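These are the residues of each chain, in order.
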Amino acid sequence: MNSFWNGKRRYVALLLFLAGVFVALVVPPVIPFIQLAGENLPAGYNIPFTDIRITNTFVAAVIVWVLLLLFTAYIARRRPSDGSEVPPGGFYNMFEALYEGLMGFIGGIAGGAHFRLIFNMFMTIFLIVLLSNWMSLIPGVDTVGFIHPHVKEKFDPETQEYKVITTDGFEIYQGFLGISYVNGQCDWVSPADEAAADAAALAAAETEAAAAQQTQLEDAAYARYQAEHGEHGDDHADEASDDHGDSHAEGMADSSAATAAYDEVLAARVAEKQARADRGCYTGVALAPWQDGYNGDKDAKKEPIPLHPDPSSEEAKRVPWVVLPWVRVASTDLNMTLTIALISVVMTQYIGFKALGFGYLTKFFNFATLFKSPLGGIDVAVGLLELIGDFAKILSFSFRLLGAMFAGAILLFVMSFLVPILPWPFFILEFFVGAIQALVFALLTAIFMNLATISHHHDDDHDDEH
Amino acid sequence: MDPQATIVLGKAIGAGLAMIGAAGGGIGIGISVGGAVMAMGRNPDHTATIQTNMILGVAFAEAVAIYALVVSLIILFVLS
Chain A
1 MNSFWNGKRR
11 YVALLLFLAG
21 VFVALVVPPV
31 IPFIQLAGEN
41 LPAGYNIPFT
51 DIRITNTFVA
61 AVIVWVLLLL
71 FTAYIARRRP
81 SDGSEVPPGG
91 FYNMFEALYE
101 GLMGFIGGIA
111 GGAHFRLIFN
121 MFMTIFLIVL
131 LSNWMSLIPG
141 VDTVGFIHPH
151 VKEKFDPETQ
161 EYKVITTDGF
171 EIYQGFLGIS
181 YVNGQCDWVS
191 PADEAAADAA
201 ALAAAETEAA
211 AAQQTQLEDA
221 AYARYQAEHG
231 EHGDDHADEA
241 SDDHGDSHAE
251 GMADSSAATA
261 AYDEVLAARV
271 AEKQARADRG
281 CYTGVALAPW
291 QDGYNGDKDA
301 KKEPIPLHPD
311 PSSEEAKRVP
321 WVVLPWVRVA
331 STDLNMTLTI
341 ALISVVMTQY
351 IGFKALGFGY
361 LTKFFNFATL
371 FKSPLGGIDV
381 AVGLLELIGD
391 FAKILSFSFR
401 LLGAMFAGAI
411 LLFVMSFLVP
421 ILPWPFFILE
431 FFVGAIQALV
441 FALLTAIFMN
451 LATISHHHDD
461 DHDDEH
Chain B
1 MDPQATIVLG
11 KAIGAGLAMI
21 GAAGGGIGIG
31 ISVGGAVMAM
41 GRNPDHTATI
51 QTNMILGVAF
61 AEAVAIYALV
71 VSLIILFVLS
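If you read the sequences in order, they're chains A and B.
Mapping of the first sequence onto the working numbering: position 111 corresponds to residue 111, and the numbering continues sequentially without gaps.
Mapping of the second sequence onto the working numbering: position 21 corresponds to residue 21, and the numbering continues sequentially without gaps.
Hints in this document: simulated from the structure, not taken from any laboratory.
Nothing here was measured: the structure is a model prediction, and the numbers come from that model.
A few of these clues could be false.
Covered stretches of chain A, going by a simulated chain B footprint (3 or more residues, C-beta under 8 Å) [to be verified]:
| # | segment |
| --- | --- |
| 1 | 101 to 107 |
| 2 | 345 to 351 |
Which chain A residues face chain B? A few, computed with CB under 8 Å, are given here [unchecked claim]:
| # | residue |
| --- | --- |
| 3 | Leu130 |
| 4 | Leu402 |
| 5 | Ala404 |
| 6 | Leu443 |
Ideal Cβ placement from N, Cα and C applies to all residues, glycine included.
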């Protein structure tokens, strides 16, 4: 097998590159749909026996856990049980080298009495964040998923009711081999918007026609008035009846002129629709809208969300479609990063209490020197600042990871959209960003934990790192 | 003006203004890396220690820029 592939891999790479070019030509890239919160999977994908819907970032988190468990089991199985120094080689050897390197690294930073606990936390957070960051490099993550109509409801505070939002989304069109694609060239116009535009055009045409008729009637009345006063004024009744008949005839003539005005105004609307149809874009027809779980009233949350039965049907082509990925990188969801940040900060407090007992609290509420030294008030203020700083740590941890990884995901989306065949330099960039962010997260945790174990009372000469 | 267009305009301007904060992060990273490279040039034996501290400082400086990025992302994709 190996000898067969020798020297042939480059052709495989070239073939894949050409396939990328071909696919980019056949399937036009679509402007990505970007959402900060994790997307809910459709109904039927609840957490078992509950009403809680699974988000696609949660799927990624579960995959990370499973991978970590498998990884741990593998390492435990491959580890030499007799304590021999010779490593078995392969992946195990690589991981052992990494492990020893990081162990020495953390030993230099936090090599005190609590080294084991700090290193365990460091390694756990490092591996979880690293794996979930690197998931963005796997093809199919963030890109393959449910195609669903992008119609959402939103509460309108003015009318006090839920309106269907139809501004975003793209139409689907039939590709080859029976596969349907999202068409990025056509914005979607909802049936409601289309009907409203039609009604507006009709109303405009009618007012135009009425105005034209009014003008003609006034002209006719003026002519009649001129005729009446220009000629002699006897036989009023006959004249009036004649005039009446005449004006009726004139009214018929007027209405044809009004019809012309009416048609002229409507023609613009018809041309607009025709231009749209010429571009190959459809107008939407009303289908059951995609109801998102969190809007509407509370009971609606338990209602099943209709997945569209058949995306390739003729009707289904005429609604806006977006992709809901099955798996989205877990670090792009604030829930994940906030959870790890909370664990990190809470464990820091735990280690502080474990190392210093209740004396740890004097780090935050430092009243010991308040009346002894002239600068005691400063110590109190510094302690309170430390307390605020610990809460700020939660925010800074979570937003740093979220910002870096979400921006990376958007970078990959946009680059795939702009340069569909060549986003790979950015994948290399994401590889390094993911590794560095994981290292920074875990390293900061280790450093804060080490700081928490150091007592304040030993160094009264204010030469610590603050 | 179309209210939808006004909203988009405001979001774009706000997101752009929020990203001015990234300049601070860039300056900080430049200063810290510059100092680290000079230190590494003077005593190459301590490269490992200096590099660690440099990456840590860069991460702190980068965090400020990322906060600005998060604010602009929230303006663009969360506000409606």
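### Task
Answer holds if the nearest beta-carbon of chain B is closer than 8 Å to that of A:Leu443; otherwise answer violated.
Holds - the Cβ of A:Leu443 comes within 8 Å of chain B, reaching about 7 Å at its closest.
#### Entry: chain B contact restraint for A:Leu402 - C-beta distance below 8 Å
holds, 7 Å
### Message
Does the closest beta carbon of chain B sit nearer than 8 Å to the beta carbon of A:Leu130?
### Response
violated, 15 Å
#### Entry: Hint validity - A:Ala404 Cβ closer than 8 Å to any chain B Cβ
holds, 6 Å
### Task
Three residues minimum, CB to CB under 8 Å: does the segment 101 to 107 of chain A make the cut for coverage by chain B? Let me know.
violated (count 1)
### Message
Using a Cβ cutoff of 8 Å, are there at least 3 residues of the segment 345 to 351 of chain A near chain B, or does the coverage claim fail?
### Response
Violated - the segment 345 to 351 of chain A has 0 residues with a Cβ nearer than 8 Å to chain B, which falls short of three.
Comparing the model with each earlier hint shows violations of hints 1, 2, 3; every other hint is respected.
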